[in-house]
Amino acid sequence: MLANFAGVVEANNKLVEADQKPTLVFADAGWDSIRIHNQIAAVIIEKGYGYQTDVLTGSSPIVIKGLRQGDIDICMEAWTDNIIDVYQPGIENGEIVELSINYDDNAQGLYVPTYVLKGDEKRGIEPLAPGLKSIKDLPQYWQVFKDPDNPAQGRIYGSPPSWSADEILRTKMETYQLEETYDYFNPGSDTALNTSLVSAYEKGEPWVGYYWDPTWITGKYDLTLLADEPYNQEKWDAGYACEFPGVKVTVAVNGKMVEKAPEVVAFLKNYQTSTKINSELLAFMQDHGADIDKTVTWFFSDYEDLWTSWIPQEVAAVIRENINPDQTPVKADFTKFPATLSFSLGIYVEKVISWLTENFQSVFDWLKFGVNGIVSSIKKILAFIPWFILIAFIFLLGWKVDQWKSGLLYALMAFFIGALGLWDEMILTLSIALTGVMISIIFGIPLGIYMAYSKKMETVMKPLLDGAQTMPSFVYLIPAMIFFGLGTVPAVFATIIYSMPPCIRLTNVGIRGVPIAMKEAAYSYGSSAWQVLTKVELPQAMPTIMAGINQTTMAAMSMVVISSMIGAKGLGENVLIAINRTDIAMGFDAGISIVFLAIIIDRITQRISERQKND
Amino acid sequence: MINLKQSGDKMAEKIVVKNLTKVFGSRPRIAIERLKKGWSKRRILEKTGQTIGVNNVSFSVNEGEIFVIIGLSGSGKSTLIRCFNLLNQPTSGEIWVDGENIVNYDKSKLRKFRQEKMAMVFQQFGLFTHRTVLGNVEYGLEIRKVSKEERRKIALQAIEEVGLKGWEEKMPQELSGGMQQRVGLARALANNPDILLMDEPFSALDPLIRREMQSELLDLQSKLKKTIIFITHDINEAFKLGDRVAVMKGGSIVQIGAPEDILNNPSNEYIEDFVKDIDRTKIVQAKDIMQRANALVSLKDGVRVAIKEMQVNGISSVYVVDKERRIQGIVTIDDCIQADKDGKALKEILKYDYFTTDQEVYIQELIDKAVETKYPIVVVNTENKVLGIIVRTSILTGLLGKKNGTSKEN
Ligand SMILES: Nc1ncnc2c1ncn2[C@@H]1O[C@H](COP(=O)(O)OP(=O)(O)OP(=O)(O)O)[C@@H](O)[C@H]1O
Ligand SMILES: [Mg+2]
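In order, the protein sequence lines correspond to chains V and Z.
Okay, so the first sequence: first residue is 1 according to our numbering, each after it adds one.
Okay, so the second sequence: first residue is 1 according to our numbering, each after it adds one.
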C-alpha cells in the first residue's frame, strides 16, 4: 500500500520534471556587478531557454560553498584568488565546473583621485601632489594625506579586513617602508571604504587608498592608479614588491549543471565581458537610482553585439522579442505593490546630508578637531597610568560602591583582559566610549530637563527617542561616516547619537516624577526657578538620571564595538577582523574582553545609581 | 454675654483681601462675566468648563491673630490660601499685605516677599526627602543666602522650638507623621515670617497627635505672636485655634466671626449644619455662659445687708468680696439669719466649699463641678477678682446652643 503510494508520487514528480524545466539558482555575493551579471544571465536563461531562476545571497565564501553543495547552480563572478581556499578544492573534485572567464583585465592597488595629481580647474582644486606618479613617491607627500587621528603621519586607506588584498597591502607597506610615513588604516568594510572615498571626492579632498576596478566608483569618478613595478612572480613572492596581477573572475557552475541544463552551460561558456564594460554598467546603475532592471534593459539595447555573440541566433531572436517592453501585456497584479507608487524616503535624507556637508564643512572640521582632542587626551591619560594602578583603581572603585569582593572580581576581569594581550585595545575602546558618554551626558541632561519642562518638546522628542533607540544601530554609522569620514571621530559621533536617548529619556522621567508638592514648597520659600531645579528637582531625580547614565554607558559600549566597521580602533576591530577571517580564537578573546569590560562598567555605574536611590 | 475678644481695641489689619476671585481653566474672563450675571458655580463648569475656585471674597486678617478658614472639601480653602503667596495667581481682585497689593508683584519682588513675609506649612508636609531634617529647616535661609553658620544656628533653634532636638541628622522619611509636620513647622519658623500659612497642617495626623500639635501651636503662638492663616475642615480644631473663623462654601465666604458668634448665630442653614455635629463642651467656655454677678456683698457690709441682697434677688446664697472685688467666700441665707440672732459678723460664717474657674475653661470641665456643688461657680481672673458666676442651668443651655436662655432650635 505504502510502496504503491510512494510510486505514484515519484511518477508525478517525473511528470512535473518532464513538463517544467528546473529552477536555476544564482549566487548573489553582495556586490553590484555580480547582481548585474546575474540579471543579464537570468533574462537570457528565462526568456531564451524557458528556465525559472532564483537568487541566494551570502558572503563570497559562503555562496561558493553553496555552489559546491548544489544549493546554488551558477556563480557569475567568482573572484578566484580571493576565495582560493574554497574554490580550488571544488574544481579539483568536480563539484564546481569553471565555464568561462568573465573578465580578468581588472586592476587593484593604491588609487588617488586624479585632481590630487593634476588639480581640477572647474572645481577650483589645486594639484596637491603634482609629482606623485608611483607608489614609491608616496613618502614625499605624506603631509597631503594626513591622518586625522594621528596628524604626525599620513593615512592610507587599506583593504576591507577579510580580503586577501589586506594581507598583501600590509606586507607591501613594510616592503616599501611606507610605514614610516603612513598609517595603514583598516576601513572596517568595503562600504565604509567607498564612503570615505566618495565623501573625500565630493569635497575635493586628498585621498589615497586601496581600490579596485571595475566598480561604479571607478566608472563614475576620475581616479588614478599609482604605478608600481610591473608584475612578475619573483618580485611578488618577495614581499609583493610589484603591481597586483589581474584576478581571474570566472563564471562557475555546479557540477550537475552539465546534465541538468546543457544548453545553459553552452551559453555560459561564451559569457565574457571586460573591466571597461563592467565599469560602464556600474556607473550607469549608480546614476539611475541603483536600478538593476533599468541597467540591464540598457545593456540589452546598447550592447546587442556583445550578448548576441553568446547565443544562437534563434535564441537571440526570441529574447529580442520578449524583452521589448511594448509587447508585454500589462496584467494588473494586485498582490504586488505597484512600482509606480513607490518612492525612496532615503533620497531626501541623502540630499539633506549632502547639503549639510557642502555648506557646513568648517563646522564639521571644527567638531572633528574638538572631539579628536577629547578622545586623545582621555587616551593619553589612560595610557599614562601604569596598568597595575588602573587595576588597583578599579578594585578600589568596586569596593567603594559595593564590597571588596566585587572590587576584586572587577580587578581580576581587567587583569584578564590585559593577560589576553588586549590592554591597549581596551584603553582605545574605553577612551572612545568615555568621550561619547561624556558628550551624551553634557547634552542629554539639559535636553531631558527641557523635555520635562515643555509639553511640546516632549511630544516632539518622545517619538524621536523611540525611533532612535529602535533604529538598528548600524544605521548611525552612515551619517557619522559621511560627516566625519572614517576613524575615531565618526565612531564617537555614532556613539553619541545611539547612547544619548536613554540619558534624555530618564532625565525627563526623573524630573517629571518630582512631586508637585515638593516643588511648590520650594517655590513658596521664594526659590528661583534655577534654585528649584538645582536644589530640589535634580537631587530628587538623581537616582533616575543615574539609571539613565548607566544605560547610556552600556549603549556607548555596544556602539563603540559596532563602530569598528567604520574604522574605530580597539576591541571591536579585533572582533570584526576575527569575523571576517572566521578566526574563532581571536574572536573569542576580543569578545570575552568586551563582555568583561561591559560588566565592570555596568556594575559600577549601576551600584552608584542604586546608592543614590537608597540615600 | 461678655465677649472680651471682640470688645478689645480695633487691631491693626495685616492682610486685606478685596473681591478676590480665582478661576481654573483657560478662559477665566468668560467665567467671571457669567459670575457677574449670577450664574452658579456648577452651571459655569457645565457650560464653560471653567472651575470657580474662589468667588469674590473680601475680608481682612488682623496682626497677631489666628484666622481660621473652614469649609467642606472642595469649598476653595486651599485655593484661597494659595493666593496669599501667589502659588495661585488670582484671576481678579486685590490682596494687600502691609499696605502693598501683592497681586501686582513682579518676579523678583514676589521672591523677596515669599522669602521674608510668609511661610507655608503643607497638609502633606512637602518635605524634601533628599535632605536631612536640618537641611529641610535650613532651606528657606539657604534660598535667602544666609551664611552657613548663621543658618545652622537658626535652624537648630527652630528645631529645638518644635521639640525635635536630636533628630537633626535624620531623613524626613525616618520620622513619624507628627514629627514630620514639626519639621514642616520648624522650616516655616526658621524663616521668621510675619505670616504663617497653614493648609490643613494637622489633617494627616491621628487625633491624639493632632490635639497635642494644636496645643503646641497655641503655646508657640503665645510667644511668637505671628499672624496665622489656618485651614481646617475640622470644626473643633477651628474653634479651638481660631481667634476668628471664616466659613467657606462653594468658593465664597458665608460667615466670618469669633467662634462663639458663629456657634451661636449661624447665619444660615449651611453653617447650622456645619456646627451641628460639633462637640460644644469643647467649644463653649466659661466666659460664654457666665452671668454678671449682680448680687455681691462686701466683707465690710453687715449680715443684714447680705440677707437683704438675697431676698431682693430671690437667691439662697451670696458671694462675699473685698473692696477690690476679690472673692472672700460665700454665705447662705440660713447662716445669715442664725448669725443675725447670735450677733456674729459675716467673716465668721464664711464658707469655702464653692468652685472657682478661669474664664477660658471649657464647659466640659465645668460639668462635673456643677453637679457636685450647691452654689453657682464663680468665674475669677488671675487676681481672684470676680468676673461673673455660672449657674447650673446656664451650663445646660450652653450645651444645647441656646442663647441667653431663649432657644433657637425647636
Ligand atoms: N489646579 C486646579 N485646577 C483646576 N481646578 C482646581 C485646581 N485646584 C483646585 N481646583 C478646584 O477648585 C475647587 C476648590 O478646590 P480646593 O482645593 O481649594 O478645595 P479645598 O476646600 O481645599 O478642599 P479640600 O478640603 O479637599 O482640600 C475644587 O472644585 C477643585 O476641583
Ligand atoms: Mg485643600
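Treat the hints as calculated values from the structure; they're not laboratory data.
In this text, all values refer to a predicted model and were calculated from it rather than measured experimentally.
Ideal Cβ placement from N, Cα and C applies to all residues, glycine included.
Some hints here could point you the wrong way.
[Unchecked claim] Taking CB as the label site, the calculated pair distances span: (1) V:Thr470 with Z:Gly163: 20 to 26 Å; (2) V:Asp466 with Z:Asp206: 44 to 50 Å; (3) V:Ser354 with Z:Asp106: 46 to 52 Å; (4) V:Thr470 with Z:Glu150: 23 to 29 Å; (5) V:Ala517 with Z:Gly163: 41 to 47 Å; (6) V:Asp466 with Z:Glu150: 48 to 54 Å; (7) V:Ala383 with Z:Asp106: 21 to 27 Å; (8) V:Leu412 with Z:Glu150: 48 to 54 Å; (9) V:Phe369 with Z:Asp106: 43 to 49 Å; (10) Z:Glu150 with V:Phe369: 26 to 32 Å; (11) V:Gln361 with Z:Gln173: 39 to 45 Å.
[To be verified] Under 8 Å between C-beta atoms, here's a sample of chain V residues computed to sit facing chain Z: (12) Pro61; (13) Met518; (14) Trp530; (15) Thr534; (16) Val536.
Which earlier hints turn out false for this structure, listed by number in ascending order? 1, 4, 5, 7, 10, 11, 12, 14 and 15
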